[in-house]
Structure formats: C-alpha cells, structure tokens
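There are 6 protein chains.
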Amino acid sequence: MSEKLLKLGIPKGSLQNATFELFAKAGFNISDQQRSYFPRIDDDQIQLILLRAQEMSRYVEDGVLDAGFTGYDWIIENDSDIVEVCELLYSKSTAKPTKWVLAVPNESKTKKPEDLQGGIIATELVNATKKYFQKKKIDIKVEFSWGATEVKARLVDAIVELTETGSSLKANNLRIIDTIMTSTTRFIANKQAWKDKFKKEKIENISILLNAAIDARTKVGMKMNIAKKDLETVLKLLPAEKSPTVSNLVNSDYVAIEIIVDDDVERRLVPALKRAGASGIITYPLNKVIH
Amino acid sequence: MSEKLLKLGIPKGSLQNATFELFAKAGFNISDQQRSYFPRIDDDQIQLILLRAQEMSRYVEDGVLDAGFTGYDWIIENDSDIVEVCELLYSKSTAKPTKWVLAVPNESKTKKPEDLQGGIIATELVNATKKYFQKKKIDIKVEFSWGATEVKARLVDAIVELTETGSSLKANNLRIIDTIMTSTTRFIANKQAWKDKFKKEKIENISILLNAAIDARTKVGMKMNIAKKDLETVLKLLPAEKSPTVSNLVNSDYVAIEIIVDDDVERRLVPALKRAGASGIITYPLNKVIH
Amino acid sequence: MSEKLLKLGIPKGSLQNATFELFAKAGFNISDQQRSYFPRIDDDQIQLILLRAQEMSRYVEDGVLDAGFTGYDWIIENDSDIVEVCELLYSKSTAKPTKWVLAVPNESKTKKPEDLQGGIIATELVNATKKYFQKKKIDIKVEFSWGATEVKARLVDAIVELTETGSSLKANNLRIIDTIMTSTTRFIANKQAWKDKFKKEKIENISILLNAAIDARTKVGMKMNIAKKDLETVLKLLPAEKSPTVSNLVNSDYVAIEIIVDDDVERRLVPALKRAGASGIITYPLNKVIH
Amino acid sequence: MSEKLLKLGIPKGSLQNATFELFAKAGFNISDQQRSYFPRIDDDQIQLILLRAQEMSRYVEDGVLDAGFTGYDWIIENDSDIVEVCELLYSKSTAKPTKWVLAVPNESKTKKPEDLQGGIIATELVNATKKYFQKKKIDIKVEFSWGATEVKARLVDAIVELTETGSSLKANNLRIIDTIMTSTTRFIANKQAWKDKFKKEKIENISILLNAAIDARTKVGMKMNIAKKDLETVLKLLPAEKSPTVSNLVNSDYVAIEIIVDDDVERRLVPALKRAGASGIITYPLNKVIH
Amino acid sequence: MSEKLLKLGIPKGSLQNATFELFAKAGFNISDQQRSYFPRIDDDQIQLILLRAQEMSRYVEDGVLDAGFTGYDWIIENDSDIVEVCELLYSKSTAKPTKWVLAVPNESKTKKPEDLQGGIIATELVNATKKYFQKKKIDIKVEFSWGATEVKARLVDAIVELTETGSSLKANNLRIIDTIMTSTTRFIANKQAWKDKFKKEKIENISILLNAAIDARTKVGMKMNIAKKDLETVLKLLPAEKSPTVSNLVNSDYVAIEIIVDDDVERRLVPALKRAGASGIITYPLNKVIH
Amino acid sequence: MSEKLLKLGIPKGSLQNATFELFAKAGFNISDQQRSYFPRIDDDQIQLILLRAQEMSRYVEDGVLDAGFTGYDWIIENDSDIVEVCELLYSKSTAKPTKWVLAVPNESKTKKPEDLQGGIIATELVNATKKYFQKKKIDIKVEFSWGATEVKARLVDAIVELTETGSSLKANNLRIIDTIMTSTTRFIANKQAWKDKFKKEKIENISILLNAAIDARTKVGMKMNIAKKDLETVLKLLPAEKSPTVSNLVNSDYVAIEIIVDDDVERRLVPALKRAGASGIITYPLNKVIH
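Chains as they are written, first to last, in numbering that gives the first Met the number 0: chain A, 0 to 290; chain B, 0 to 290; chain C, 0 to 290; chain D, 0 to 290; chain E, 0 to 290; chain F, 0 to 290.
No lab work stands behind these hints, which were simulated from the structure alone. None of the values given here were measured: they were computed from a predicted structure. Wrong hints could be hidden among the right ones.
As the list claims (entries may be wrong) - Chain C is nowhere near these chain E residues, computed Cβ spacing over 12 angstroms in every case:
#1 D41
#2 K111
#3 E163
#4 F186
#5 L236
#6 S246
Stated by the list, open to error - With a straight-line cut-off of 27 angstroms between C-alpha atoms, the simulated BS3-like cross-links for lysine-lysine are:
#7 K235(C) - K24(A)
#8 K140(C) - K227(B)
#9 K108(B) - K169(E)
#10 K129(F) - K140(A)
#11 K6(F) - K169(A)
#12 K140(C) - K129(E)
All C-beta atoms in this analysis are idealised placements derived from N, C-alpha and C, irrespective of residue type, glycine included.
Input sequences plus hints: build the corresponding full structure.
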C-alpha cells in the first residue's frame, strides 16, 4: 500500500447514499458501494471505510482513520478531540439541521424538563442527555436505547430522540418539551493527520470538490438570446449579485446571455424572462460551481 | 396555513413517479414521495395531495382540490365540470394516448358491438361504457370490475379495458372489436379557483415550468466549432426551423455554433456533422426549453 | 415488418443495464427493458433481442441476428466466424478487461498447471480450457460447470473462472495459478449482414453514437471567465492536447474559456484554476463527445 | 369441461391466503395460488376463480359463479339476491366481525351524524352509507373513494371506513362517531345453483369440510396415562361438556385418556393435570374436528 | 473428516426447497439452507453439497459425490453410468412426470418433426435432442440455449423445452408437435460407493425415511368412536384394503377406531361417516407412514 | 387496563420469530407480530413488548417490565439484578450456546491475549470485555462497536464478537485466540414481580408451557401394531428409559404400541422396527410433551 494514503470514513446508514452521490458528482468513481465495507474509489491515495456515524469521531480521534464524515451530535456525545474541516450541507432539502428533542406522550402530565425529576429517560445519546440535565440540576436516570426509542416513551418517563420532520414523533403521539441539541454533518480530521502536509492538502482538495458539487445541486445554468434593445430590461430581472456573461453573436442585433442561478430563482425567472422578450431560453444541469 | 395556498392533486399509481420526476425537472424539490399522501414540496404556496386518477376530477369539481392531474377518460366518466388548463404529454415515449377498447376472447363468436345485445360487460369505466352502447341502441348490462378485468372476459360476454400497447390483451388471448375512447393526461382546475387571481397565476406558472421540462426531455444542446469556410455547408445540415447561435472566437478563422435539437435529430446529425468537418462536437442534457 | 430491419442482440445479465443506459445516453428510448425479451426501441429499423452473452456469437454467426454485443471470451469459446466491428469500453470503471483464471484452493499443493496432470477441472469455458491444456500437453478432464464454480474448487482439482476484482476467489479462499484468457466487450456482426449496404451503415452509425456516449461518460464541460491579463497563466494549466474555445465578452477585459476535460483531470484542475484567479468556474455533464 | 362443475369464487386480497390455507387444511391441494386467477384444485368438479370480495355477490347473483366467499358488507352494498350457505369464522383470531365506522378528524367539531348535514362523505361503501343517512333523514353527498380513505377525512367532512382493530384510524388521528355496519365472511350460492342437486351437495360438502378445518384450528388432541386410583380426580379437571375416550392398558393399574380440547383450555389444563398426577401428557395438532 | 462420510448432492434451484422440506419431514435438521453451498445437517455421517440438477449425475459418476438427487432427463443427457436407487415422487401435486417437448410457434407451418429437416433447434438438452432426430434420420443443427428457450422459438425453427403444465408454452404462443422424453426425480449413487457397506446402508436408510415422509404427505390419521351396534355399517364405508385398528373402551358399548387414509379419501369419508353415526371424528397430520 | 397484568419483554431481532413460534406452539395466538412493538396476545393478563435483547435486563431490573427473554451475555454486560426463571434451549438446532470470542486477523502476529497489551479492542460487549482483561491485568482500550465488528478487526488490534458457527469469522479471515463468555437464552423476572403471587404464578405457567413446547419440537409420537408373539423382541428395540403404552385390540392376537421418541431416535428406529415385523408404523407431530 502507498505511503501516501488517506484513510477516510464514510457514514454507514442514512447518509451513505447521499455521500456516495456527492462523491460521484465531485468526480470520483466508487464501486462496491453496497456490498463492501471498503468501497473502492478511483484515486489510489484514498482508502474508504464504512462506519456508523455514531462511532466515527472515536476512530478519527484514535488515528484509526485520518478523516471522516459524521454529525456534530456524535462528536459531542463522544467528546472527541478532532479537527473540524468544514460543515457540509449536502443539499437544500437536507440542509435543515436535525434536532435531538426531549419528548413525552401526548397524554403525559410532564410539561417541562423539571417535571421529570427522579424519572427514567431512554435515549441513544446518553452523555449529552446527562449533561443537559446536570446543567439544569435535575436528577434523572438515563438508559441507553437500542433503537425504537419512540416506543419506549410510554415505558419510561421521557425520551431524547432525533427528529428531522417531527413526523415519527407525531405518528407515535409524542409531544416535544425541549430541544437538547441541533446537529449538521461535519467533515472531521485527526489532529496528527492535519499536521501531515500530504494528508492536509488531500483533505482540503476533497473539501473543495464536495462543496463545489453541493453548490451545483441547487443551481442551473441558464442561457438565452436577447435583442440588444431589450438588454437593459432583461438585465434588471436577473439577480443583482450575479454578473451574467454577455457575448456578441455574429448577428450583431443580438447578444447571448449566460448566468448561473439558484433553482428556486429559476422557477420565478423563467416566466418573467419569457414575457420580457427573451428567446431561446434554456436551462441545463451543472456538476460543480466554484465561487 | 397560509391564505395563499394552492391545493394540488397528484395522481397516485402508474403516473405518480413520472409526475414527481417532472416536478423535479421543473425545479421543485419534493420529499416523502413514497411514504406520505401529503408529500412536501419546497414552495409554501403549494400543498400536494396524492389521489387516484379515477377520483381526481370529482374532488377538483367539489373544490376539495384547486387543481390536479388526471386522464381525459376519468373526466368524462365522472362527468366533471372543471377547467382544462392544458394537455401534458410527459415524454415522447408515453406521448401516445391510451385507449379504452371493447374486447372479447379470441374464441368468441362476437364480431361487432351489436352481437353483444342482451349480454354482460365488465369494466372499470361504467358510465362511458353505458353511453357508448346507449348511443348505438344496444341493450347490455354493465358490471363494475375491481381490477383484473381481462380475466373476466371469459366469465361475462365482453370487457371494456384500458390498453397502451395491447400486450396485456394479447397475453390473455383477447381480441379488440372497437375503441370506446382515447385519453391523455390533463391538468385541470376548479372553476372557482380559476377565477381567483393568485390561484390562476400559480396554476399557469406550474403549467409553463412543467411544459418547459417536458420539452427539454427529448432535446439536447449541441455545440461545435466550424471553420468559417465550412459554415455554409454545415448550416444546411441543421434543421431549417431552428436558428443556431453563432458566435465569434478569439481565433478568427473559426466560429462556435450552438443549437438545440430533438434527440432523434441528434442521432442523424452527429455522423453527418462529423463528415462535414465539424470539430469538437459535443451534446449536453437540458433541464428546460422555453419556446 | 420493414425490409430494412437490423436484428440486434443485447447481452442479458450483468451487462444488460449498462447496455441499456448506454443506448439511452446515445439517444435511443428503450421501453420494456426488464419485462420483455424483445424490448421496444424508438427506431423502426432496429429490432432488439435479449440473449445471454454466452450464446450471442453463435446466433450472429448463424444469421439469426445481424449484429450483437458479447465478450471476446465467448467468441473464442464458440469459435464463431463473425466480423468484429469495434471494442466497447463502456466506462472507465468497467474498462479493465475481465480475466479467466485457473485457480485452486489455498490449501492445495498444486503450484503450476503441470501439477494438474490427470485431474478434473470444472469451468463454464470448456473449449478454451481444453485448448489451453492441450497446448501445454497436459492431460486433464474438463467438466462443464453450471454456475457456483468457485464452490467446486474443493470437489474437483481446479477451476477456470471469470474474475474482475478477484474478490469472489478471495472470499472462497482460492489461489490463482495462471490466467487463461483476458476479455472485453465487442460489437460483432454477421458476415452477410456486413455486406448489406443498409445494415453495415446502420451498424456503423450505432457504433459512432455508442462510442460518443462512452467518451462523454468520463468527461465534463468546463467554463470560466478569465481576465485577459491572466489568460496565458491559465492556458498553461489546461491539458496541452486539448484546444480550449476562447470567446470575447462584451466586457472587453475578460474572455470566456470553454474546454472539455476528463473527469479525473477536472478533480486536479478545479483547485488549481481557483488559485490562478479564474472566476465563475462551472462544470456540466455531457451526453456525447465526438473527436 | 365436465357437465358436473362447480364454479367457485375465492376472494382476492386480504382473505386470499387465509382461504387457501383453509382449503389446504380441509384436504384440497391448490396450485398456482399467486400467479393465476384460475388456481388449479385437485378436484375435477370444482373450478376456482379469484375475484375481489367487493364484486363477488354480483357475479354469484348473475350466475357467472355458482358460489363464492365474500363479506356480509358487500352483499348488502350490492343488494344481491343470493343464498347464504353459512357464516365462516376462519379462526379465533380473525373471528371478530369487522366494522364500517363513520369517522372524523380528532380536531373536527363533529360529534354526531347529524352534525354532518350538507357535508361530503368519502367511502368505498357508497350505497350502504347513503341508506344509513337517508334513514336518519340527514342530507349528505357521498363520494366513492378509491382507497386511502383515511387520508381523505381531512379533505372532506367525514369518512366511512372498514376497521378491524382501529389502529389505522388511530394512526391517522381519526375519531369514530358511529358504526354503520358489522360484517363477517359468508359462503354464498346462486339461487339456480342451489336448486341443482349436484351443485347443492357439492357446496354442502365443501361447507362441512371447511367448518371441520376451522374447528380443528383452535383445538388440540390431548393424551395421558392415569393410575386408576386417580381417575376420578382427573376427570373432574376436564371440561364437563366433553366426554373423554378412556381405554384400558395392558398394565391394568392404568388407563389411557384421550380428549379434544380448545387450545386456551389446554393452556390452563396442562399445569393442573401435571399437579394431579397425570403422566406422559402430550398434546398434538388436529386437521379436522367433526361434532 | 470422518472416514464414514456420505457425500450427498442436493439439486439447487426448483427442487431445492422441496428437497429440504422432505429431509425435515424425514427427521433431519438442516441449517444454512439458503446461504451456503454446503448446508449443515444434524448427522455427522452425511455431507450435503448443493449442485445444479443438470450436472449432478456427472459428479456422481466421477465419484466427486457418493449419491445425489437429479432428474432422469439429465442422467440420459449426460449419459452417466450410475446406480439408480429409487424414484422419488415428492408429493401428489408434483408427482406428474415433467416432459421435454418439441415446440414451434403457433403460426409456423411445421406440423411434424420431419418438416424441420435442415433447420436449427434451440434447447438446453442438446444430446438427447440430437439422438431423437438421428433415430428419425432427420438432419438438423442443435444450438445450446442458455435459458429463455421459449423466446428463441421465433429466432430459430423449433425448440425442445421442459414443460410441466404447458402454461409457459401457451403464454409464448407455442404449439407442441412431439414429446422427446418424460422425466421424474431419481435418487442415484456412484457405482463404487454402492459396493461400500457403510455407504450402501446409509443410502438405503435415507431412501426409507424419505419415502416414508413422502407417503405421509398425502395421508392423515383418522379416529372416531362407534357404538358397537353401528360397527359393521361403518367398517363397510372404510377403504377395503386398509385394516383399521379397533380398540375397546372402558365404556363397553363403544369401540374406538383408528385408520390411516389418503387425504382425498378423507374428503369423501368425513361426510359419509358423520351420516353413519360416528361420533368424535377427528383427523390429524402424520410425519411418516411405513408400509 | 386490568390490575392483573404481566408486562413481558420479547427480544426483537434474531430470536424474535423463534420466540413467536414457540408461543404459538405453547398455545398462544399472537397477532401484529411484525408491524407493532406491542403485539397482541389472546391472554388479557399478558402485555407483550418488543425490545432488543441488549437492553432487556435493564428494563426488567428497573421494573419497566415484569419479565422478559434475553441472553446470559447481556445480563452480565448490564450487570442486572434480576431473577433467572429458567434457561430456554428453544430447539436442538439452536441449543448450542453462543460464544463471545477474542479474534484477530489471520495475518496478525497476536497469538495470545497478553500480546494485545496497550492496544485497542472493538466490541459490542464493552463491560464484559473490560472485566476479562482487568482480570488478566492486561491494559487495553475498549471501543464500543456499532455493528460490523468483524470489519474493524483490521482497523484496530482485535475484536470481541459473537459467534455461533464461526462462519462469519472465517469469511473475514479472522482467527480466534480466546473465548470470553458463552451464553444461552434466559427467562428473567423483576425481583418485585417475583414476590407478587399473581405475577409469579403467571410467569411459572408460561415457563411450563414454553418448555413443554420446546420438548415437543424434537420428539414425535410413534404408533404400530405388533403380533403378541413379537412383542418382547420389539420392546427391546425401544429406548429403555421410556415406557410405551400398550393397549389390547379387538383382534386379540395383536396389541397396539404407542411411544414418544426423540426425532433422531426415530431415524434409527424406523428401519429396525420394520425389519422386526411391526406393521402399520406411523409417526405424528406433537405440540407439547410434559414429563
């Protein structure tokens, strides 16, 4: 195996496919995605290892991995001493941070954390939950929950559980009484690896490419031809913070305009441009956008 | 809930995924596509509701929905009083209208509708079938069929069934003796909603974006560089009804040509352009094409 | 059926989806991909037939098919007399040729082919295996293996089996002692069909479109704006063998640069260009690249 | 086809597997259970046809079928004129009748049917729902619902929906305000078929065998040896309404006792018998029990 | 590995589950049925190996296996020199022999084998097909078919294919013109193994247990109590060739009758016995029946 | 809810189906087995709750549950203070205790636990692993592993993992260097619940019924008729520790023999009895056997 090798942890489970898609969009070919814990990547200087997000930061801290992707929640839960390279927002639809909430059955009399004094809490996030209650000086017992935590809300006194949309809590007739923590995905590195010139540059390159791919996900390229007389009107419709590329055509009455816009801006812009006389409007997908 | 809200019905079942893909291509992010009857969309002014195509026009007529997507067949079957916003051809491969046909077993003696006098017909499209026979003054009994209609062709005297390719009829050894109705997908609106300024504009914007996405599905962007001396020859090869964008390059012996073509034209054009001396020919995918 | 019809065999099994995706990228719409042995394609002059790669070359030689896709290994195994139109490398990740290897259990004393004298070999590739041993003047019995060949390595004396990554052999604790043959995918034609003007041109057009789609898979389009003063520096970063398209902008201090690059070059180029002062760098996907 | 043939409808869907299992336990071999609408049965005098429970009674009334299995609810909904042969309780766990209930969202102000005056009801059971409201002289509009009725409770004013355990209603946060109808499975026959000697006897034989298999499902055979001196004590423990078979053994101090008991009685009896000195207690499964 | 070990081949594929169920009913516990090619069995003197029925007889002949289960068809196709231990009819529903038939498209002009002179036949059963035509002195070319043979009937001139019910041929619109061979499952042994005392006895014991389990599949135990006065009448109803076990009860007016009957006899007997005054009739399942 | 209610934890996951089957065989009907965490059981005095085996003993100790099923390993890992009611061996094939083993890669230089001094161990069984090494006075770091522990053997220095057959370790090329613990399933109770008369009796009854069902799994009932003259010979063949039930028949030359035997004894006995002249030998399945 090459001396110059970056051991990179990929989170197994809910983020796994999103991460592989992001690497693909960033320009890497990964094979054996579903079958192996060591998927192959077409870069000899990177070795991928699939691990659960929950244990990622421990293995990065131990130096078993040079870098990896995990949630802010598990970095805190594991109290890991690592370098945070960047936050990764994946895509607009998953960009909202997840939350760990304290929840009780709808029919429970518990209204606030203090009402749980002396009770039992079931959660996968034991340490962070203990700290939360210690800070509030509330005495509780925290039991580690191996999945299906919502179900336990009626066996013990309350649960601390992850929620993205709140739909699972709702389906179980649970009520949120407080938020313990919010979390997003982080790209983290081992402290020793970060001091290694090769590894640091490799990690930064991956960071640039992934972020360029993330930015491209919610943007499109847009092109149109404009009669020179309409140019000023059309330019006013375009987002102010972006400067479009305007190029002359052989037919000198017209110019071609090209611009990169957010896809929700596109939805608004397309009908407006049509009315303003733009012709041959097309939009096309992007792989990467670098600011 | 916002006052400004469009309640929009999406057809559950065979068109569901095609519709979601179309919305995605039109620039909307939809989540919970498979799990919920109320998928979330990243536009606060739209609420999506999944319903069967069969019942869509009734709920649009009742005002339970402001607008929705369904087949022409079910609008007629339900005799619904609604506004038809536009026809949606989804993509070239599904652009052929579906047909409701009157079919009998291959071994049946029935040759024409009149031979069914006094018989029983099984169909999901009861009302349209009754009207068809009333118009021909043929007396029949129509039984509603809950699926697997082809199987019933040998229990009763004939069936009226939907067919796209005829392959299911063929597999069941059935013979078509007449076509009752042809149908395509329609975007429909409630009459009151259509009088509401906000709702009408919202519906029209959705219609523009979906149609632009549909058009983009079967087109590609094509670029190439041409020596100025070959320009005339190459331009003759291009489809007459489209005007290519021709731009000067820094190297003044060449121009760059860009044009949007149908993908079946592309298949013919690529080898021809290669022979005509075009260099650096590439084609790329499009998200939207607005005429 | 049209007189002008090309009967084209598509390999069923592991290459099936890759082939359909390639045809899609080449601009063909194919339906009924999974359900039928005669998938429909939107070109009336082509009829597709799904057959196993193993038997493809026999049916092409017999004239049952005009052309088809199969592996070099099965052309040799069947000793088929056909025209090889071109090699198809599908995509970079599958571009490595597959190998047929002679393998024995890790614990076996067999070190070289000669040690197998008088033994039994299980394989799916009976004829090529016999030839290999005949050439070496080693006397063995070859039994045809219906799948699960790795398992038989411990029932008989050795196996000859296909390997892409060696992982299946490793999982079964087998050791490779020689390579019998390497193989890639080939587009082949019947000798009579190749003499028919219509069929030959049709086959060549398909070959051009498929290869253009294959080339596009590992390339991206890249655009950026460059201040004229930085142009020389930037041009040096770009791959020497490609000439970028440089066009003037209305803002005369800048030029727009557009270039097609391999996706592994893109991974290296993006950070370098960013540092060299390029602005508005984007990359976008391609459908076809014709040299 | 034989003159002596009983055309028998099997309900497709939720009761399908339970019905096939019952026929198997009754001694019939049925093949092609999942693949065909005409499963084969090893009795040349019976032809099976799979149809939805909803349409069964119509085809039995029309004489398309001689007999069939369906729910009481759909007999009433279709207002079918047929002979009811017997009620079938399948097994203890499914023996509770299903109910069609009138339900509204938890948050609705509707408390009683009268509050729905002038509203819209969505249901699959249109006719029975209309009759229910006509009888109460409440004016409502009933819309036929193609599945997912619970979801519609928040689109219209109320729904009428089937419920076995109430869990689906609960999951959708709905509240029951009345029961429209209760229903169990019925074995029904066409009136003409019931007058045909062969068909009536065939239907009755099937009824005997199915009911014997149903009875056997919740019973077990129990055997034990008892010292003659303990016989009286043990007999008192056994259910009074059953008479055990007592037989002498070669060893004349003991008798063997055999009895058929309900499986919930067995649960109580086994520990009690053990304490009373019974030896060699075993229980074994039964195929049929005929009273 | 024990000296006393029987290597036993189990057919992979369509017979696999039926074979495992039969071994279970015969009293063997087999684990890893789906995951391994070497399923474990709770008898240290047996080693199971999963192989395709097609290649079984070759490996038995070679001595790689001591014994195995396969079809008569593949013994003939492979021309294998083995000992046939017994025929296994598995169960009544699968007891019908399978057939290899010569089939052509419905629309073909071929009426009899002779019409195929000079043509191409596709089949998996190459050798047996060649022998069939050689015997009839018809000159044909036989191409080996890797599955989906029915589909090839329209590519070549005819096919030879396996059929159990004829439904697959029917679905492909094919017509049978002759039967080449009929086949059932056989338990076969290697000739050397058959001379080994330990192996022969082991094979025979397995044969006894499997056949006892097969017999039990279609039989039930039946018990009832009869008043002595009705005994003669009841005995006449019972199958003549079986002698029931009649035992006295403590209550001397009654006797208990026990008898083993075929399950199709049971269907006829149950209603008749009920009418003849038998009380407490029960039937129960059997594991093994030894004649 | 009834005052008299036993809250009973069922282990979710690998033992779940085996446990439900055992309850079914013990005579309980459980529904909603797969869909709900609170499956319904037809005994109003029992409430079932699905929890992971790993957390079961904690919730039993806390009194959240009255009783439950879990492994000995997790009782020790959690250091839970509970009552052990009985060991449950489920069935012969799963009766072997599972083992937690210390394993290293085949290629590792580690030969014994002491070689791991100063290293990292990944395991799901953190506490028991720590105790094991403390006792041996070896200093190691134990990291909790969220699944896929075998994969981590090459990231850290060794793993402690569960093994039933050793096949997963073998597939990952790992070598066992010691056994940390062996474990079987236990029925456990809360200490307070065990002092409650109702709950203790309920728990004991369940224990009796489950054990009777377990015993019945590997036994069969066997019956045969014997001529009185052969009786002595036959009796000698039967297992000495069991006394058969011998009863007179009406035909006084014969007796009927009935005996319960282990299924592996049955495999040996059947051929022997046949040779000894027994007639009408049958074996039948059992639901429960109580000693």
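Cross-check of the supplied hints:
no.	hint	in the structure
1	D41	holds, 22 angstroms
2	K111	holds, 23 angstroms
3	E163	holds, 20 angstroms
4	F186	holds, 19 angstroms
5	L236	holds, 52 angstroms
6	S246	holds, 54 angstroms
7	K235(C) - K24(A)	holds, 26 angstroms
8	K140(C) - K227(B)	violated, 68 angstroms
9	K108(B) - K169(E)	holds, 21 angstroms
10	K129(F) - K140(A)	holds, 23 angstroms
11	K6(F) - K169(A)	holds, 25 angstroms
12	K140(C) - K129(E)	holds, 23 angstroms
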